[in-house]
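Undergrad: Chain A is fixed; fit chain B onto it per the hints.
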Amino acid sequence: MMALALILGVWAAGWWVNTRLAHSAASDTAGVRLLIPAVFGLTLIAMWEIAVRAYDISGVILPAPSDIAVTFASSIPTLMADFNQTIIKGALTGYIIGMIAAFGVALLADRSDFLTRGILPVGAFMAALPIVGTAPIFVKWLGSDWESKAAVVAVMVFFPILVNTVAGLRDTSAMQRDLMRTYGAGYWPSLLKLRLPAALPFIFNGLKIATTLALIGAIVAEFFGSPTVGMGFRISTSVGRLAMDMVWAEIVVAALAGSAFYGAMALIEKRVTFWHPSQR
Amino acid sequence: MNALRTLFPVVTVIAVILGIWIAAVVPMNIHLTADQAARQDIAVTPDTPAERKELSGLSLALQNTGIWGMTYTLERPRLPSPHQVGAELWDTVVMKNPTSRRSLVYHAWVTLSATLLGFAIGTTLGILLAVGIVYNRTMDKSVMPWAITSQTIPILALAPMVIVMMGSIGIQGLLPKSIISAYLSFFPVVVGMVKGLRSPDGMQLDLLRTYNANAGQGFWKLRLPASMPYLFASLKIGISAALVGAIVGELPTGARAGFGARMLVGDQYGQPIVTWAALFGAAITAALLVAILSLIERRTLRRMGMAGAAA
Chain A
8 MMALALILGV WAAGWWVNTR LAHSAASDTA GVRLLIPAVF GLTLIAMWEI
58 AVRAYDISGV ILPAPSDIAV TFASSIPTLM ADFNQTIIKG ALTGYIIGMI
108 AAFGVALLAD RSDFLTRGIL PVGAFMAALP IVGTAPIFVK WLGSDWESKA
158 AVVAVMVFFP ILVNTVAGLR DTSAMQRDLM RTYGAGYWPS LLKLRLPAAL
208 PFIFNGLKIA TTLALIGAIV AEFFGSPTVG MGFRISTSVG RLAMDMVWAE
258 IVVAALAGSA FYGAMALIEK RVTFWHPSQR
Chain B
16 MNALRTLFPV VTVIAVILGI WIAAVVPMNI HLTADQAARQ DIAVTPDTPA
66 ERKELSGLSL ALQNTGIWGM TYTLERPRLP SPHQVGAELW DTVVMKNPTS
116 RRSLVYHAWV TLSATLLGFA IGTTLGILLA VGIVYNRTMD KSVMPWAITS
166 QTIPILALAP MVIVMMGSIG IQGLLPKSII SAYLSFFPVV VGMVKGLRSP
216 DGMQLDLLRT YNANAGQGFW KLRLPASMPY LFASLKIGIS AALVGAIVGE
266 LPTGARAGFG ARMLVGDQYG QPIVTWAALF GAAITAALLV AILSLIERRT
316 LRRMGMAGAA A
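Which chain is which? The protein sequence lines are A and B, in order. Anchor point for the first sequence: position 98 equals 105 in the numbering used here, and the numbering is continuous, going up by one each time. Anchor point for the second sequence: position 132 equals 147 in the numbering used here, and the numbering is continuous, going up by one each time.
Just so you know, the hints here were simulated from the structure itself, not pulled from any lab data. Be a bit skeptical, because a hint or two may be false.
Below, in silico cross-link-like pairs of lysine-lysine (BS3-like), each with a Cα-Cα straight-line distance of 27 angstroms or less [stated by the list, open to error]: (1) A:K147 x A:K96; (2) A:K200 x A:K277; (3) B:K236 x B:K251; (4) B:K68 x B:K111; (5) B:K68 x A:K147; (6) A:K215 x A:K200; (7) B:K236 x A:K215; (8) B:K210 x A:K215; (9) B:K210 x B:K236; (10) A:K215 x A:K96; (11) B:K68 x A:K277; (12) A:K215 x A:K277.
Pair by pair, the computed Cβ-Cβ distance ranges are [as the list claims (entries may be wrong)]: (13) B:A102 x A:T244: 35 to 41 angstroms; (14) B:G101 x A:Y62: 51 to 57 angstroms; (15) A:I68 x B:L140: 21 to 27 angstroms.
Beta carbons: idealized from backbone N, C-alpha and C, even for Gly.
Same shape as in the complex, but just chain A:
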């Protein structure tokens, strides 16, 4: 009873603070906009911690946040090795390969209106398919090390980037293209100076969607076979040993890496497309 009252009390306190903050005069300043979700998150974590401690929930079902933090801090070398294997070698390599391939195909298709009209629907269709299921096939072809993960990631990120790039390259008006023609600009100058810059918001949209897909592909592909290092390997073996604190620690790493990857893309976008209305 005491524990339940405490949990509800923490919730009420957190909610009260946030309501005050959200309705205060300063609610739209940058600091408060970060503070409110932070308070909300901390409230949830506090409730989680109290619930696990008070009701003696077994670590096999749900470890307490403090246990996860301890595991995280004590296994940083392992987590770093897994991060290096899965994110740097698997996800990032595959992301770059898929990105270059998608740009290449998009530029080729762009030269012909016929191909563009074919590639857009097919690519959009492929982007909705469960491509992560190709993981066992690539593991069989390329072995269980990071090369097969990079291949899965490359195929997964290829279609969203391709579709967005092709759609973006079509996003100039006839008036703008005619203006370039009156300047005597050929295909390449008008591509580099008009159509590519105009496509950038679309391209970055695809690149941002692809960041999450890259991590998913690299982690899930490791469930099908991997060397004895890697985030997916660690998650599946730790689940087998019922070491849930280690699983949660890996999930924290995955969440941090995912947000950082996405954030990096958003930052580059901000720098490169500073002129676009959505960035001003």
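TA: Chain B only, in chain A's frame:
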């Protein structure tokens, strides 16, 4: 007219992809085929397995043009040819009794039921949360940043843990997979629905106020109808995410039925055609689900007088 204008390019692109696939079968399978041919006393150059291993698939294929035909009919190819996958699909979908464990329809239903249950849960919760976010400022400020951040996190990594966690408190079968599906389809729906419910502009909201409409009427007559295009766009993302979630949910637990289980079986027992058929089965299922949603979308928007928005 317009449909015909896209049909021909689409068919061309698909034909090109099929062509690349068919061309790739020969170099991918040539090593296996050469070994098999050597066992059947067909002359192969070079004639020892060790020497053949040194060569790349392409150069070995160029030296042995005579056995190209055999690469398309291997029982356990590295890369099955399209007709082998097609035959396997035909065999397991049409020829087998749908209730049999050997039928792909049976496995499709196992995955599909988990997907649909999870999709229903995730969509319902997502819409409710979106309504809460739009009408409650505290909720908006506290939850919305997390809903957006969560889309940058590889949530699918949670799948094995959810299965085991639910298993250890005695819940098995359909529900754990559905929870993963629900979780994956939840966030796109929240984000899309919030955008949709906020899409009416100030002028429209003011008009309702001049009609003396209360909050409920404002919701049912303006905000909810206005959100429909946004809702359908996120439903289509949500359902394919839900299907991926259900498939991945079948992998780590050694599930005995479903698309994920078929892929694992094909992988572990060295039957690549089974894996490929399961993969295409999953792809066809995803395509059908999205197509059904598109159809409902077009019908709904047309009845609401928003046919232009759907195009």
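Undergrad: Hints first: check each against the structure and report whether it holds.
TA: Hint check:
{"no.": "1", "hint": "A:K147 x A:K96", "result": "holds, 18 angstroms"}
{"no.": "2", "hint": "A:K200 x A:K277", "result": "holds, 19 angstroms"}
{"no.": "3", "hint": "B:K236 x B:K251", "result": "holds, 24 angstroms"}
{"no.": "4", "hint": "B:K68 x B:K111", "result": "violated, 40 angstroms"}
{"no.": "5", "hint": "B:K68 x A:K147", "result": "holds, 17 angstroms"}
{"no.": "6", "hint": "A:K215 x A:K200", "result": "holds, 23 angstroms"}
{"no.": "7", "hint": "B:K236 x A:K215", "result": "violated, 35 angstroms"}
{"no.": "8", "hint": "B:K210 x A:K215", "result": "holds, 19 angstroms"}
{"no.": "9", "hint": "B:K210 x B:K236", "result": "holds, 17 angstroms"}
{"no.": "10", "hint": "A:K215 x A:K96", "result": "holds, 19 angstroms"}
{"no.": "11", "hint": "B:K68 x A:K277", "result": "violated, 50 angstroms"}
{"no.": "12", "hint": "A:K215 x A:K277", "result": "holds, 12 angstroms"}
{"no.": "13", "hint": "B:A102 x A:T244: 35 to 41 angstroms", "result": "holds, 38 angstroms"}
{"no.": "14", "hint": "B:G101 x A:Y62: 51 to 57 angstroms", "result": "holds, 55 angstroms"}
{"no.": "15", "hint": "A:I68 x B:L140: 21 to 27 angstroms", "result": "holds, 22 angstroms"}
Checked against the numbered hints given earlier, this structure breaks hints 4, 7, 11; the rest are met.
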